[in-house]
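A.B. asks: Going down the list, the sequences are from chains A and B.
Under my numbering, the letters of the first sequence match residues 7 to 123, in that order.
Under my numbering, the letters of the second sequence match residues -1 to 110, in that order.
Keep in mind the hints are simulated off the structure, nothing from the lab.
Hints may contain errors.
[Claimed, not checked] Only pairs whose alpha carbons sit at most 30 Å apart, straight line, appear in this in silico DSSO-like list of lysine-lysine:
(1) K47/A to K11/B
(2) K9/A to K74/A
(3) K115/A to K23/A
(4) K115/A to K55/B
(5) K55/B to K74/A
(6) K118/A to K23/A
(7) K9/A to K55/B
(8) K118/A to K55/B
(9) K74/A to K47/A
[Stated by the list, open to error] Here chain B is said to cover these stretches of chain A; the calculated rule only asks that three of the stretch's residues, wherever they fall, bring their Cβ under 8 Å from a Cβ of chain B:
(10) 9 to 17
(11) 34 to 48
(12) 107 to 113
Quick reminder that beta carbons are idealized off the backbone N, C-alpha and C, glycines included.
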Amino acid sequence: ELKVEQNPLFLSMQEGKNYTIYCNYSTTSDRLYWYRQDPGKSLESLFVLLSNGAVKQEGRLMASLDTKARLSTLHITAAVHDLSATYFCAVDMGELYSGAGSYQLTFGKGTKLSVIP
Amino acid sequence: KAGVTQTPRYLIKTRGQQVTLSCSPISGHRSVSWYQQTPGQGLQFLFEYFSETQRNKGNFPGRFSGRQFSNSRSEMNVSTLELGDSALYLCASSLGGGDTQYFGPGTRLTVL
């Protein structure tokens, strides 16, 4: 059974600081997604990482994937209050189970980020 | 283009009843997945449909079922509702092939 572990689960940081959220998973996969969820809202896609060594950046967020270590990171640079949300990583085993193009995402428990002015 | 839409947005049912939730994917998306989100269990995969065929299924009892129509719209049904079925049910659509899944606003189901 695939396990996806995020840490930390709660993160309180000051504006302007840097921090990293870690996502470890237990089974080989090269498809990993990062999502953001605001309170009472749905999930917003942030990054899609589809190969070992993939790195994606958008604004103050940068995500990377190391499939050999089964680890993805979400790095926050110079945090601002607007980044306060819950961040989820999700590992996709759909291709392994049912062939190319299919989906079966297993999510981590999420990291609740609070950026304090 | 229009995003993923889900109806209804809120639903209150009593134990033992059944419920049907609807999802309309983004135009052109043929893959539709369903997820359940609860405070205790987090986000859990229910099933994925593509071209009217269920491709993957999560670890949920048979009371949870779904289907997809030829226009890619999808429905999920929960029969014999239990209190523990209270959750936010999210639908996501995608082009497939590793493309990201785009989530709808969800249906919040409360079982009394």
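A.B. asks: Need the list of violated hint numbers for this structure, in ascending order.
C.D. replies: 9 and 10
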